[in-house]
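**Q** If you read the sequences in order, they're chains A and B. Going by UniProt numbering, the first residue of the first sequence is number 1, and it counts up by one from there. Going by UniProt numbering, the first residue of the second sequence is number 1, and it counts up by one from there.
No lab work stands behind these hints, which were simulated from the structure alone. The C-beta atom is built at its ideal place from N, Cα and C for all residues, glycine as well. One or more hints might be untrue.
In silico EDC-like pairs for lysine to aspartate or glutamate, Cα to Cα no more than 20 Å straight-line [stated by the list, open to error]: (1) K155/B <-> D490/A; (2) K250/A <-> E290/A; (3) K2/B <-> E220/A; (4) K123/B <-> D408/A; (5) K2/B <-> E224/A; (6) K123/B <-> E224/A; (7) K293/A <-> D279/A; (8) K63/B <-> E244/A; (9) K225/A <-> D121/B; (10) K155/B <-> E224/A; (11) K221/A <-> E152/B; (12) K250/A <-> D279/A; (13) K123/B <-> D218/A; (14) K293/A <-> E220/A.
Some chain A residues close to chain B (C-beta under 10 Å, calculated; not the full set) [as the list claims (entries may be wrong)]: (15) P129; (16) L130; (17) I134; (18) F138; (19) T177; (20) D181; (21) L216; (22) F284; (23) L391; (24) A399; (25) G419; (26) F430; (27) R450.
Reference listing, derived: stretches of chain A covered by chain B, where coverage requires no fewer than 3 residues with Cβ under 8 Å from a Cβ of chain B [unchecked claim]: (28) 161-173; (29) 462-474.
What follows is the residue order along each chain.
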Amino acid sequence: MQTLTETIQLFGPLTLLAILAGTFLGIILGALPGLSAAMAVALLLPLTYGLDTIAGIGMLLGAFCGAIAGGSVPAILLNMPGTPGSIATTFDAAPMAANGRAGKALGLSVAASFLGGTISALILMLVSPLIASIALQFGAAEYFSLSILGLMIIVSISGGSLIKGLIVGLIGMLMSTVGADQVTGAMRLTFGQMSLLTGISLLAVIVGIFAVSQLLLDMEKMHEKRPSMKVENALEGAFPRMREVLRNWKLLLMSSLIGTGVGAVPGAGGSIASIMAYDQAKRFSKNSKEFGKGAPEGVIASESSNNAMVGGALIPMLTLGIPGEGATAVLIGGLMIQGIQPGPMLFDTQATLIYGIFVAFLLANIMMLFVQWWGIRLFVRILRVPQHYLLPLIFIFCAIGVFSINSDYFDVYLMMALGVLGFFLARFGFGVAPAVIGLILGGVAETNLRRGLQTFDGSWEPFFTRPISVTFLVLALVFVAFSLRATWRDKKANAVSN
Amino acid sequence: MKGHLQEAFFSLLLAGVAAFLCVAAMDIPGGAHGSIAPATFPSAITFAIALLALLNVAASLLKGKKADTLPAISRQGILNLILFIVLSTAYIWAMSVAGFVVSTFFYLILMPLLICLISADRKGLLAKPAFWARVIAFALIGTGIIYGVFVEMLKVRF
Chain A
1 MQTLTETIQL FGPLTLLAIL AGTFLGIILG ALPGLSAAMA VALLLPLTYG LDTIAGIGML
61 LGAFCGAIAG GSVPAILLNM PGTPGSIATT FDAAPMAANG RAGKALGLSV AASFLGGTIS
121 ALILMLVSPL IASIALQFGA AEYFSLSILG LMIIVSISGG SLIKGLIVGL IGMLMSTVGA
181 DQVTGAMRLT FGQMSLLTGI SLLAVIVGIF AVSQLLLDME KMHEKRPSMK VENALEGAFP
241 RMREVLRNWK LLLMSSLIGT GVGAVPGAGG SIASIMAYDQ AKRFSKNSKE FGKGAPEGVI
301 ASESSNNAMV GGALIPMLTL GIPGEGATAV LIGGLMIQGI QPGPMLFDTQ ATLIYGIFVA
361 FLLANIMMLF VQWWGIRLFV RILRVPQHYL LPLIFIFCAI GVFSINSDYF DVYLMMALGV
421 LGFFLARFGF GVAPAVIGLI LGGVAETNLR RGLQTFDGSW EPFFTRPISV TFLVLALVFV
481 AFSLRATWRD KKANAVSN
Chain B
1 MKGHLQEAFF SLLLAGVAAF LCVAAMDIPG GAHGSIAPAT FPSAITFAIA LLALLNVAAS
61 LLKGKKADTL PAISRQGILN LILFIVLSTA YIWAMSVAGF VVSTFFYLIL MPLLICLISA
121 DRKGLLAKPA FWARVIAFAL IGTGIIYGVF VEMLKVRF
């Protein structure tokens with residue numbers, strides 16, 4: 001009861017305003033094709049520095065939910081997913097828009113996003129404390145093995161090539177080692193640079209890798225002619241189609257469960273969630289022949305699952321401190337900037353904060369519904385903002401945001417350099433998300449390896465003999481083996497088709 | 001240069017940088033103190049990156065023999081990138097020298113102009129006086145809003 005009262009007290013007007021602002025800006029950023037949810041959260045991260053913890057994390061959660069939901073706007077109106085999670089939305093929403101039913105598609109998407117997100121929030125509230133109570137029994141060996149498992153899952157699922165994924169993950173881990181060593185105080189890879197004494201700025205890495213690299217990707221193709229974008233104006237009936245979505249409650253529930261489950265697997269992400277949910281919806285639907293031609297069920301399945309993915313992704317983040325994908329890695333960064341290390345201990349020591357995060361996530365979903373409802377015409381207009389205004393504005397936001405944390409221009413130059421690195425990594429198919437995840441998990445892995453070795457008198461044996469630890473390590477190997485097998489199969493299939 | 005060759009070159013560069021960092025990491029002082037030395041983790045990681053990057057050089061060269069699926073970065077693309085990086089880096093430098101307001105105002109004028117200059121769809125805009133008025137208005141309003149958010153609201157000091 002006391003925790004409940006304390007949790008309610010966290011939600012003053014400023015906190016509610018922060019969640020609302022995060023949701024609003026998240027929808028705008030998500031509606032811009034090419035900007036991912038991780039980038040939306042990364043761009044808002046500097047704004048949270050001056051806020052208290054729950055207002056800051058609430059703003060980021062709002063941005064995460066909003067960006068995923070906002071991705072449906074260009075998916076419906078331009079047949080172009082705003083975020084990867086909206087890929088499956090285009091399958092049916094774009095034909096609906098082409099037939100003059102854009103308003104209905106937007107209405108369905110708003111309602112399905114809200115309901116999917118709310119279901120996943122409820123699952124998050126039920127499941128997280130259980131997982132956290134199990135994780136409380138983990139020691140250093142288990143945490144080391146878990147961080148290796150997390151990294152291996154992300155590396156093997158997120159990219160096409162295991163080698164490339166490993167390289168990017170290791171680059172992230174390497175960045176976690178820069179600065180004064182926590183045990184001996186020895187300077188590691190600082191090259192005499194005072195700004196690196198306390199380590200690489202997490203925000204510079206996040207913004208550089210996710211946001212600046214995307215700006216560079218856009219800039220590379222700037223000279224090419226683009227197909228003219230015709231934004232569908234027929235927005236009649238663009239109000240949340242709650243009754244119609246609820247009529248398909250079985251589909252909604254199945255898609256939300258798939259979204260939450262996929263989201264909880266590190267590395268899987270919204271695109272996999274929405275495509276899996278869409279596939280299952282098509283399989284079980286009586287109107288399966290209508291799928292791909294403008295079936296409302298397709299929009300409901302895709303949009304409810306991609307927003308349910310958000311709640312799923314928060315489960316490993318909050319309970320184990322393991323980021324599921326890019327946006328949750330940025331959220332962990334947001335918590336770390338506030339001096340909070342996510343993990344099972346939080347459930348024990350800062351229960352009020354955890355419940356506050358649950359409530360903030362639920363509120364973000366509710367606000368997302370109303371913001372999208374009232375602002376749908378504005379978000380459609382966002383698609384018309386020319387890129388030559390948008391690009392410099394986003395860059396300035398990145399630069400000043402990174403500068404604002406430590407008031408150090410070195411961080412801004414570092415962001416630029418990491419943006420260039422991120423560009424080449426993305427451009428040559430390495431992917432960028434494992435770098436940020438590696439940066440977070442690298443610190444966890446090294447700290448616990450060293451702590452474990454000190455506890456076990458320098459012996460490595462417990463890492464391979466303690467049941468949970470060895471299970472995690474075996475699972476890591478299994479993921480690597482599966483990834484290698486999938487690569488080998490692809491090669492074989494390509495050879496046959498050639 | 002074809003896409004797979006560019007990828008191989010990038011991987012080679014990555015391997016070189018990792019090898020350099022590996023040598024630097026091995027020089028990190030400090031003993032193991034019952035655990036692992038401060039040099040162990042960064043050395044192992046950089047060694048692994050160098051090794052994997054070399055493997056990727058070989059993989060991209062072998063892949064290239066069969067099919068060049070990776071589109072290469074064109075010369076114009078590289079020029080676009082260089083222009084963006086130079087102008088944006090100059091903006092960061094100008095911010096530390098001339099302050100936030102002046103540098104941001106000029107960046108918000110110069111960057112849209114640069115984008116229009118290199119973009120095939122937007123080149124025609126430069127001949128229209130209304131476009132120039134719009135760019136200047138955008139720079140003024142943009143600078144004002146960013147100033148309001150970061151300097152007045154968030155109390156960032158430049």
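**Q** Holds or violated: the hint that P129/A contacts chain B, with Cβ atoms closer than 10 Å.
**A** This hint is violated: P129/A lies away from chain B, its Cβ roughly 33 Å from the closest one there, beyond 10 Å.
**Q** Assess, step by step, whether the Cα of K2/B is no farther than 20 Å from the Cα of E224/A, and give holds or violated.
**A** 19 Å, holds
**Q** Can the restraint linking K155/B and E224/A be considered satisfied, given a maximum Cα separation of 20 Å?
**A** 40 Å, violated
**Q** How about A399/A: closest beta carbon in chain B under 10 Å, or not?
**A** Holds, about 6 Å.
**Q** For the pair supplied as a hint, K221/A and E152/B, confirm whether the alpha-carbon distance does not exceed 20 Å.
**A** 36 Å, violated
**Q** Would you check the hint for K123/B and D218/A, treating anything up to 20 Å between C-alpha atoms as holding?
**A** Between K123/B and D218/A the Cα gap is close to 17 Å, so the pair holds against 20 Å.
**Q** Per the CB criterion, is F138/A less than 10 Å away from chain B?
**A** Where the cut-off is 10 Å and the nearest Cβ of chain B is about 19 Å from F138/A, the hint is violated.
**Q** Starting from K250/A, check that the Cα of E290/A is at most 20 Å away, please.
**A** 18 Å, holds
**Q** Holds or violated: T177/A as interface residue toward chain B, Cβ cutoff 10 Å?
**A** This hint holds: T177/A lies near chain B, its Cβ roughly 4 Å from the closest one there, short of 10 Å.
**Q** Under 10 Å is the threshold here; is the Cβ of L130/A close enough to any Cβ of chain B for the hint to stand?
**A** 33 Å, violated
**Q** Is the interface hint satisfied for L391/A? The criterion is a beta-carbon contact with chain B at less than 10 Å.
**A** 6 Å, holds
**Q** Would you check whether R450/A satisfies its interface hint, that is, whether its CB is within less than 10 Å of any CB in chain B?
**A** Interface hint status for R450/A: holds (4 Å vs cutoff 10 Å).
Comparing the model with each earlier hint shows violations of hints 1, 4, 8, 10, 11, 14, 15, 16, 17, 18, 22 and 29; every other hint is respected.
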